[in-house]
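K.L.:
Go by the hints and put chain Z onto chain Y.
Respectively, the protein sequence lines represent chains Y and Z.
So the first sequence is numbered by our numbering: it starts at 1 and just counts up by one.
So the second sequence is numbered by our numbering: it starts at 352 and just counts up by one.
As a list, the in silico EDC-like pairs of lysine to aspartate or glutamate whose alpha-carbon atoms are at most 20 Å apart:
#1 Y:Lys272 / Y:Glu298
#2 Z:Lys603 / Y:Glu122
#3 Z:Lys432 / Z:Asp695
#4 Y:Lys272 / Y:Asp339
#5 Z:Lys432 / Z:Glu418
#6 Z:Lys603 / Y:Glu81
#7 Z:Lys603 / Y:Asp95
#8 Z:Lys603 / Y:Asp123
#9 Y:Lys272 / Y:Asp257
#10 Y:Lys272 / Y:Asp345
#11 Y:Lys182 / Y:Glu151
#12 Y:Lys182 / Y:Glu208
Think of the hints as simulated: they come from the structure by calculation, not from any bench.
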Amino acid sequence: MSAATLTLSSLAAGYRGRDARTEFVVGNIDARIEPGRLVCILGPNGSGKSTLLRTIAGFQAPLAGEILFEGRSIRELTVNERARFVSVVLTDRIDAGMLDGRELVSLGRYPYTSWMGGLSAEDLRVVDWALEAVGALELASRPVISLSDGERQKIMIARALAQQPRLVLLDEPTAFLDLPRKVEVMTLLGRLARETGCSVLLTTHELEIAQSLADRLWLIRPEVASRRSSLLAGSPEDLVLSGDFERIFSTAGVQFDRELGRFFFGRRPQRKVILRGSGLPRRWTEHALGRIGLQSMERDEPERARKETPVITVQNVQGGYLWTLTAAGTTQGFNSISDLIAALDDGGKLE
Amino acid sequence: MIIRFPSGRPEAPGDTTVEAAISERRGPMFQNHPVWGLIGLAVCLALLFLADIYLGSVRIGFGKVLETLLGRAPSDSIAAKIVLLFRLPKALTALLSGAALAVAGLQMQTIFRNPLAGPFVLGINSGASLGVAVIVLALGASTGAAFLESFGVGGQIGLALAAALGAAAVLLLVLSFSTRVRGVMTLLVLGLLFGYAVSAVVSILIQWSSADRIQAYVAWTFGSFGGVTLHQLPVFAPVLGVAIGASQLAAKQLDALLLGEQYAVSMGVRVRRVRVLIILLTALLAGTVTAFCGPIAFIGVAVPHLMRSLFSSSSHRLLLPSAALMGSIAALASDIISHVPGTDLILPLNAVTALIGAPVVIWVILGRNNLRETFGS
Chain Y
1 MSAATLTLSS LAAGYRGRDA RTEFVVGNID ARIEPGRLVC ILGPNGSGKS
51 TLLRTIAGFQ APLAGEILFE GRSIRELTVN ERARFVSVVL TDRIDAGMLD
101 GRELVSLGRY PYTSWMGGLS AEDLRVVDWA LEAVGALELA SRPVISLSDG
151 ERQKIMIARA LAQQPRLVLL DEPTAFLDLP RKVEVMTLLG RLARETGCSV
201 LLTTHELEIA QSLADRLWLI RPEVASRRSS LLAGSPEDLV LSGDFERIFS
251 TAGVQFDREL GRFFFGRRPQ RKVILRGSGL PRRWTEHALG RIGLQSMERD
301 EPERARKETP VITVQNVQGG YLWTLTAAGT TQGFNSISDL IAALDDGGKL
351 E
Chain Z
352 MIIRFPSGRP EAPGDTTVEA AISERRGPMF QNHPVWGLIG LAVCLALLFL
402 ADIYLGSVRI GFGKVLETLL GRAPSDSIAA KIVLLFRLPK ALTALLSGAA
452 LAVAGLQMQT IFRNPLAGPF VLGINSGASL GVAVIVLALG ASTGAAFLES
502 FGVGGQIGLA LAAALGAAAV LLLVLSFSTR VRGVMTLLVL GLLFGYAVSA
552 VVSILIQWSS ADRIQAYVAW TFGSFGGVTL HQLPVFAPVL GVAIGASQLA
602 AKQLDALLLG EQYAVSMGVR VRRVRVLIIL LTALLAGTVT AFCGPIAFIG
652 VAVPHLMRSL FSSSSHRLLL PSAALMGSIA ALASDIISHV PGTDLILPLN
702 AVTALIGAPV VIWVILGRNN LRETFGS
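So that you can see chain Y by itself, here it is in the shape it has in the complex (with noise of 0.2 Å):
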């Protein structure tokens, strides 16, 4: 066997429960991770993409089967020596208490400084070093506590960096930041696995966001009846289309739409409507329809025209726009799409 950063082979992580219902497992797991990728695990809620964290981490031990660093078992190191392999950054907010940028940094030295704790040339190089990678170093010197919580989580990636891992796993590194910081973070996370060779694995909920910058995907199917998830791995791209994807996170409410890659939510289409006009006014009348359930068309389908369509036009007016509803043979005008959706939902109009 290669020594890929991680390798696991035939893996259960989960808790054992006293009956089937305190039982809960992600299982048969075979997959790893080369130097240097960055790959992340996807499920609904509850699938269990924390726990199967956790057990690499070694935070709890596995149920069943292997967890091997560069091919070598979990059980064969010592705490020092995992803590020089695996880091995390986790959910929990931390209580940095008095603990600036740097000083927390420099936590993450733990397993190679003595054991008084003081700080080496080299350690200190590293901690800059970790900084400086993740574009903290004007925080280094602030106090964690004042810290947003985007700057915070570059933080605690750079304490994970500093433990010079050869793997860096992350709980949802995502979760309390806006969608630019999102973004960022992973972005980030991508770049320090190419540049590195460190590999990353984490847990996120940002599908889109890991279909376009994760090199390989982890989907976990969650089995609700049997309590039990399964894993399946993928590059995003092969997983969408194989229809994984879709199968797994489509639910009532949220499509997958495998053409343009992302999700709609909203209302599923009940009925159709055609839809004149171009350009932004256009754009967002759709979005405002699909909404309420009415999906846009740009001309009637062949089938359908025996029965009347209600069409919709929106155009330029005198600086504004201007919406007509032409439906059962009478015709309406509104100044916003609030007036037009509140005709539309008033229901009745389009039969």
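P.N.:
Just chain Z, lined up with the frame of chain Y:
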């Protein structure tokens, strides 16, 4: 000795703004020069130690006190006897007890990640109180007296023994739980509940006791550094000295625990082992002090907060030694005040520690919002 996490990497040109930002950020007293802070504390400690020996109900010239301490005065004079047999052991006891309680309190606050934790959070004092209450209150005056007699002078050592047994019983209980429970919070709740149980038993004992026995018990709960005699010091001092020294070695582990037990595990801390060791050390520190001096309140909870404020730091490599020094200072100062210099009056030690100390700490904490910074709540 480098105390703080080194922040002084080779200074790059233009780094002055960063330095300015550091000194600006919280206006700490000793943040950039922690060693001077420690030296200042040590000087204070030395002065108070001498003052504690010098001041007392009997006036003895300072020169004479110094001569006696240096062994140049005849040791059979009354003044020398007062200094050597009474005041010196008392000052040494205060010095060691204060350091022990402060260090124990700091360890508990970090382990439990709780600002209200202190040396007695595990119920060590409750156990000791129960031991003493049983001896003083439950056993009749005659049996109690006989029991105490059998242990020698004044029954002091008997009380200490009872307190130590009680504290040890609680310790065993806590330890047996600590290896079994996952979260450390369960221990906190256990300690709290055990405290209630003990108070209940003690109040039942009080209900059925005579006034003089109640008086004796209450006097013990007031706390005093005067109970340790020159003959007991060879037991008391080495135990505390070794335990305080050993605690200083836990700085690295305690720092790692600042981020919580999971992060500590991920960094290679053997959390359960460290937890048991810290609990043992705390029990040894707090148990020994309580056995000999009674349950001394306040110092153990307050001094760690005071040091975090003073140094604006959470680093245990700085907090452990400074808390030890400040604990000694607080204990010596309290002892001096409780013996109301120049009079025969003696105030209850616990009343002094609380009355003088609490306002100081409230002022420090409110002034800097430290609790929120330290414990993020």
